[in-house]
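Enquirer: Chains as they are written, first to last, in the working numbering: chain A, 1 to 115; chain B, 1 to 114.
One or more hints might be untrue.
As the list claims (entries may be wrong) - A few chain A residues that don't get close to chain B, going by computed Cβ distances all over 10 Å:
#, residue
1, A7
2, Q69
3, S73
4, S115
Claimed, not checked - Computed Cβ-Cβ distance ranges for the label pairs, DEER-style:
#, chain 1, residue 1, chain 2, residue 2, range
5, A, Q8, B, S62, 28 to 38 Å
6, A, S53, B, S58, 39 to 49 Å
7, B, T112, A, Q83, 30 to 40 Å
8, B, E52, A, Q2, 25 to 35 Å
9, A, K16, B, V12, 16 to 26 Å
10, B, S5, A, V84, 45 to 55 Å
11, A, K114, B, T112, 38 to 48 Å
12, A, D29, B, E85, 23 to 33 Å
13, B, T112, A, D18, 33 to 43 Å
14, A, V14, B, E52, 18 to 28 Å
15, A, D29, B, G40, 23 to 33 Å
16, B, K57, A, S87, 30 to 40 Å
17, B, S5, A, P41, 35 to 45 Å
Stated by the list, open to error - Each computed BS3-like pair below joins lysine-lysine, with the alpha-carbon atoms no more than 30 Å apart:
#, chain 1, residue 1, chain 2, residue 2
18, B, K11, B, K78
19, B, K57, A, K3
20, B, K11, A, K38
21, A, K114, A, K16
22, A, K38, B, K57
23, A, K70, A, K114
24, A, K38, A, K114
25, B, K14, B, K57
26, B, K57, B, K11
27, B, K57, B, K78
28, B, K78, A, K3
29, A, K70, A, K38
30, B, K14, A, K3
None of these hints come from the bench; they were simulated from the model. Virtual Cβ for every residue (Gly too), placed ideally from N, Cα, C.
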Amino acid sequence: AQKVTQAQTEISVVEKEDVTLDCVYETRDTTYYLFWYKQPPSGELVFLIRRNSFDEQNEISGRYSWNFQKSTSSFNFTITASQVVDSAVYFCALSETEYGNKLVFGAGTILRVKS
Amino acid sequence: GAGVSQSPRYKVAKRGQDVALRCDPISGHVSLFWYQQALGQGPEFLTYFQNEAQLDKSGLPSDRFFAERPEGSVSTLKIQRTQQEDSAVYLCASSLQSYTGELFFGEGSRLTVL
Chain A
1 AQKVTQAQTE ISVVEKEDVT LDCVYETRDT TYYLFWYKQP PSGELVFLIR RNSFDEQNEI
61 SGRYSWNFQK STSSFNFTIT ASQVVDSAVY FCALSETEYG NKLVFGAGTI LRVKS
Chain B
1 GAGVSQSPRY KVAKRGQDVA LRCDPISGHV SLFWYQQALG QGPEFLTYFQ NEAQLDKSGL
61 PSDRFFAERP EGSVSTLKIQ RTQQEDSAVY LCASSLQSYT GELFFGEGSR LTVL
């Protein structure tokens with residue numbers, strides 16, 4: 001069975017600090033997809049990134065970067081120079097490949113950025 | 001509207017009542033998903049539609065839960081004889097195709113069963 005573990009329940013940082021959110025996954029599939037979603041207080045999940053299991057290149061998008069390591073089954077997310085607007089719940093998710101969008105989510109990490 | 005729209009945003013039901021939650025996906029989106037999110041947890045898959053066909057309902061927790069999408073656009077999630085454990089946020093998501101990887105979520109319907 002597929003499983004996603006986000007061990008950090010809640011993280012608090014001061015603005016401009018860097019912060020890394022951890023994600024560890026389990027799957028028996030050789031082809032799979034990993035995602036990060038952001039859930040602000042409004043409740044709507046916002047897509048951040050999708051990676052497939054064959055692409056281990058790290059990705060950077062502005063202040064966001066992702067580190068995918070198949071050897072440790074991890075897909076960590078780093079926010080550089082955090083801002084108050086980054087405060088939200090962040091979810092890591094894994095998809096079953098039969099339906100690429102049927103996601104198995106982790107429990108989420110609450111990120112609080114204080115000014 | 002441009003996004004996924006869900007109604008009602010908040011619903012309070014007495015135990016034993018039936019409820020219906022509506023989802024208006026983004027126009028033209030083929031795939032539609034329902035997820036259930038309990039307080040402090042990640043969303044959990046309930047069911048999946050491709051157009052009007054319900055291809056997967058393996059996540060529906062009991063036969064009190066029923067979902068439909070009769071014309072391949074608007075979907076309704078119905079919960080019969082609600083129980084307290086049904087209290088959760090019900091999220092609807094849609095995508096253009098099933099493999100695009102990007103789901104667009106609505107803001108959810110928060111159900112509280114007293």
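Enquirer: Taking the hints in turn, state whether each one holds.
Expert: Going down the list of hints, with the structure as the test:
1. A7: Non-interface label on A:A7 holds, nearest chain B Cβ at 13 Å vs cutoff 10 Å.
2. Q69: Non-interface label on A:Q69 holds, nearest chain B Cβ at 20 Å vs cutoff 10 Å.
3. S73: At roughly 17 Å from the nearest Cβ of chain B, A:S73 sits farther out than 10 Å, so the non-interface label holds.
4. S115: Holds, since 25 Å exceeds 10 Å.
5. A:Q8 with B:S62: 28 to 38 Å: 33 Å, holds
6. A:S53 with B:S58: 39 to 49 Å: 23 Å, violated
7. B:T112 with A:Q83: 30 to 40 Å: At 33 Å between Cβs, range holds.
8. B:E52 with A:Q2: 25 to 35 Å: 28 Å, holds
9. A:K16 with B:V12: 16 to 26 Å: Roughly 42 Å apart at Cβ, these two residues miss the hinted range, so it is violated.
10. B:S5 with A:V84: 45 to 55 Å: Taking Cβ atoms as reference, B:S5 and A:V84 lie about 28 Å apart, which means the hint is violated.
11. A:K114 with B:T112: 38 to 48 Å: Given range 38 to 48 Å: violated, Cβ gap about 31 Å.
12. A:D29 with B:E85: 23 to 33 Å: 31 Å, holds
13. B:T112 with A:D18: 33 to 43 Å: 38 Å, holds
14. A:V14 with B:E52: 18 to 28 Å: 51 Å, violated
15. A:D29 with B:G40: 23 to 33 Å: Because 28 Å falls inside the window, the suggested range holds.
16. B:K57 with A:S87: 30 to 40 Å: 36 Å, holds
17. B:S5 with A:P41: 35 to 45 Å: 19 Å, violated
18. B:K11 with B:K78: Roughly 13 Å between the alpha carbons, so the hint for B:K11 and B:K78 holds.
19. B:K57 with A:K3: 19 Å, holds
20. B:K11 with A:K38: Cα-Cα ~24 Å, so holds.
21. A:K114 with A:K16: Between A:K114 and A:K16 the Cα gap is close to 9 Å, so the pair holds against 30 Å.
22. A:K38 with B:K57: Cα-Cα ~26 Å, so holds.
23. A:K70 with A:K114: Distance ~33 Å between A:K70 and A:K114 Cα, so the pair is violated.
24. A:K38 with A:K114: 18 Å, holds
25. B:K14 with B:K57: Distance ~26 Å between B:K14 and B:K57 Cα, so the pair holds.
26. B:K57 with B:K11: 23 Å, holds
27. B:K57 with B:K78: 13 Å, holds
28. B:K78 with A:K3: 28 Å, holds
29. A:K70 with A:K38: With Cα atoms ~23 Å apart, A:K70 and A:K38 stay inside 30 Å; holds.
30. B:K14 with A:K3: Not OK: B:K14 and A:K3 at ~34 Å, beyond 30 Å, violated.
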